[in-house]
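If you're matching them up, the sequences are chains A and B in order. Position one of the first sequence corresponds to residue 250 (my numbering), numbered consecutively onward. Position one of the second sequence corresponds to residue 103 (my numbering), numbered consecutively onward.
Careful, some of the hints might be misleading.
[Unchecked claim] Only pairs whose alpha carbons sit at most 25 Å apart, straight line, appear in this in silico SDA-like list of lysine to any residue:
id, chain 1, residue 1, chain 2, residue 2
1, A, K265, A, I452
2, A, K462, B, K291
3, B, K106, A, K549
4, A, K549, A, F579
5, B, K226, A, T615
6, A, K549, A, Q353
7, A, K265, B, T117
8, A, K531, A, W426
9, B, K157, A, Y427
10, A, K462, B, S270
11, A, K531, A, T615
12, B, K394, B, S270
13, B, K152, B, Y109
14, B, K291, A, I452
FYI, nobody ran anything at the bench for these hints, they're computed from the structure.
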Amino acid sequence: MSTVDLTQELSVIEGKPPLRELDDLISKPIDAKASKKFYIALTISGSMLSLLVIGLGLTFYYGIGMWGNNIPVGWAFDITNFVFWVGIGHAGTLISAILFLLRQKWRTGIARFAEGMTIFAVMTAGLFPLIHVGRPWLAAYLFPYPNQHSIWVNFDSPLLWDVFAVSTYFIVSLVFWYVGLIPDFATLRERTTHKIKKIIYSIFGMGWRFSNKHWQHYEMVYLILAGFATPLVLSVHTIVSFDFAVSILPGWHATIFPPYFVAGAVFSGFAMVQNVLIIVRKVFNYEHIITLDTLEKMNKIMLLTGSMVGYAYAMEFFIAWYSGLPIERFTFINRAFGPYAWAYWIMISCNVISPQLFWSRKIRRTIPVMFVIAIFVNIGMWFERFVIIVSSLSRDFLPSSWHLFVPTYTDFMILIGSFGFFFTWLLLFAKALPVVSMAEVKATVTGSQPSHGGH
Amino acid sequence: MSGKILYSYTGIFDTPDQIIHAAEKAVEEGYTKYDVNTPYPVHGMDEAMKLKPSKLGYVALIFGLSGTLSALLTIWWMSAINYPIVIGGKPLFSFPAYVPIMFEVTVLSAAIMTVVAMLFFFFKLPNNSHPLHGTVYMKKVSADKYGISIQADDPKFSESSVRKFLESVHAAEIIPIYWDEEEINHQNKIFEPKFIVFLAAVALITSGVTYFSFNKLMYMVPFNWMMDQPKLSAQQSSPIFTDGFGMRQPVAGTVARGYMPYQFKGQSDIAGAKLINPIPVSKESLALGKTKFDIYCSPCHGYNADGASRLRGQFPNPPSLHSDKVRTWTDGRIFAVITEGQNIMPSYSSQLSVDERWAVINYIRALQRALNAKESDVQ
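Kindly produce the complete structure, drawing on both the sequences and the hints.
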């Protein structure tokens, strides 16, 4: 039973660790006192977060005139950041839902963490449309509720679809994440000797008792949630792309946008998940749970989606030429050779060229190299949204109203601060909750399933 | 056994194969009230326990479809019935545009309701007072062991037979589980000081936060609802202009539209001779004249221009406009009175624009004719 059978798929978890050891390892960061490294990381992300607080304070006090946005560039860093962060979130749902439906067992080690990243990324993304409206405390106006104005929101507008898509995405991701956490809360509840921790775990574990009569329904619900989350994640970035594609602006008005945006979102999301996981497996000694094989598979997905994105760039250019529309042609030539050409070429080199290195198996399996490539991918994907939004807006139909966007220091504070917001949540999550699903990982260890089962 | 109430007999196993075997045997023995507890779902256990497939799929289907339908109906009612408004030339009921939101609501309601149904209706959670909690058994099956628990209320249950059964399937450990006396007899007291303090604190915090946010916070920067605006009010000074005035004079030698100055000041007879009513009698002008007459003239002259108003009996009595004098006046002469006032009557030039004054005059003429009709009007 313990000899390696080459006809079987390789085990997800390296070696055959006793189940209790897995519990110990996974709950170690929660039980142990936080290390110095953790506090250093928290200080850095906290400082970045305080930049966000200051930037938002300035924005609320003086108004969004503090940003570089000005007509015709009404959307700039804010919406760029929004699309960027929503995209980061997509990898988590892809890993937890789509790979679950496709029975990709290697997802178990990284699913919980990626789902957590989804939630924090969507929270970060949600900040931007809110602050972009200028008075976020009136954001309830975005929802159709009976009000004194006796008027309803505009259901024909992609911006409203976006409100529904992003809020649904956040809630469903949170529910999915919590459902996955319930058995782990129960395991923690049984492990802990700390009185207050026991109360907290009991509340969140809801008295889960590992009954097989429950597991049966639980697995069904997990399947249903995965089934719903899969079209949901595709719909979210599709609807985000509608914000642009439904308009009539050259450079935005393209039918390729939905698949192109979804591929880009998965691309950037996997890059971010890979970056963070490389650090996590090192810091928490999870090398045999989050294995090199898993990282290699993520790199393959990045190679695939990166090539799809590259194809979309080429196709946009082709269609601009093929359409015969002079304004469309101008927009794309302006993109590549106009005032924002530097951003365009950063995007091309980071997104199209750098992931092609993953064709080499050696690079796919070399951690420092793949780390750097993933960082490049993230930079490139941020610039992709910047190029699409700003370069198209700054050269609109009337040359007399052309205007170059110049970011202000508040813009940069909010951009850097959004990373602080995201990473602060992530660090607190890594300290407070099991970053790897104990129940799921245990179920995939060699020898953890009956040898003569009907499966 | 020491008066405690038995809940179940449990057996603990070390491998998944053993627990599958034990479950199969339990079914064979005819136990119905038993459960298997494993740290993760063990494949093949559902078949071994002969469990019926989960019905939660139907919950998802029902709530998903009702989400779709309610989204569609709500949007249709809002945008085509309750407040129909044409946007971008699209039909009031533009179905394709509603699909994204219908989809999102479907997913949202199905996902939430399925989980709610599972946790609260299927599992009856939260339940932290189940007898299995706080036992060695639970500690083991939550980590790395596999357990079967045969309940005491099973019709086939007897301590000796169950113990024998568990031994026959090679349980590594056999543990009886008892109801927790304290938990069974525990009752929450309403008048416990801790609870009352907790209630008071909740009440105080809730009302304090509500008061602060609605009565104070909403009036602070930046939440002050646009009350603080940099625009100039009338009579305010402004550093932009050299004379320091915020209000500006009109450009020299120009007249704003509709503000042509009155040329016959103090010369009402000349005005009567020279001014001609430029507004022809029409339904609209009479309607406007009636509105304005009822607002500005009727308080003294009465609704029928006969002086029958609440000011009658005062000195001087408000005059009737049906007198020969007023009836023989030209329109221009009446215009002069409205514009400049007469005796105790003040000028109405700031209340009534030039066109409105002529409209009022048209209406007065109609009132006069109603009381002193010509022969020709009778026909």
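Okay, the hints, checked on the actual structure:
no.	hint	verdict
1	A:K265 / A:I452	violated (33 Å)
2	A:K462 / B:K291	violated (35 Å)
3	B:K106 / A:K549	violated (60 Å)
4	A:K549 / A:F579	violated (35 Å)
5	B:K226 / A:T615	violated (49 Å)
6	A:K549 / A:Q353	holds (14 Å)
7	A:K265 / B:T117	holds (14 Å)
8	A:K531 / A:W426	holds (24 Å)
9	B:K157 / A:Y427	holds (21 Å)
10	A:K462 / B:S270	holds (24 Å)
11	A:K531 / A:T615	holds (14 Å)
12	B:K394 / B:S270	violated (104 Å)
13	B:K152 / B:Y109	holds (23 Å)
14	B:K291 / A:I452	holds (21 Å)
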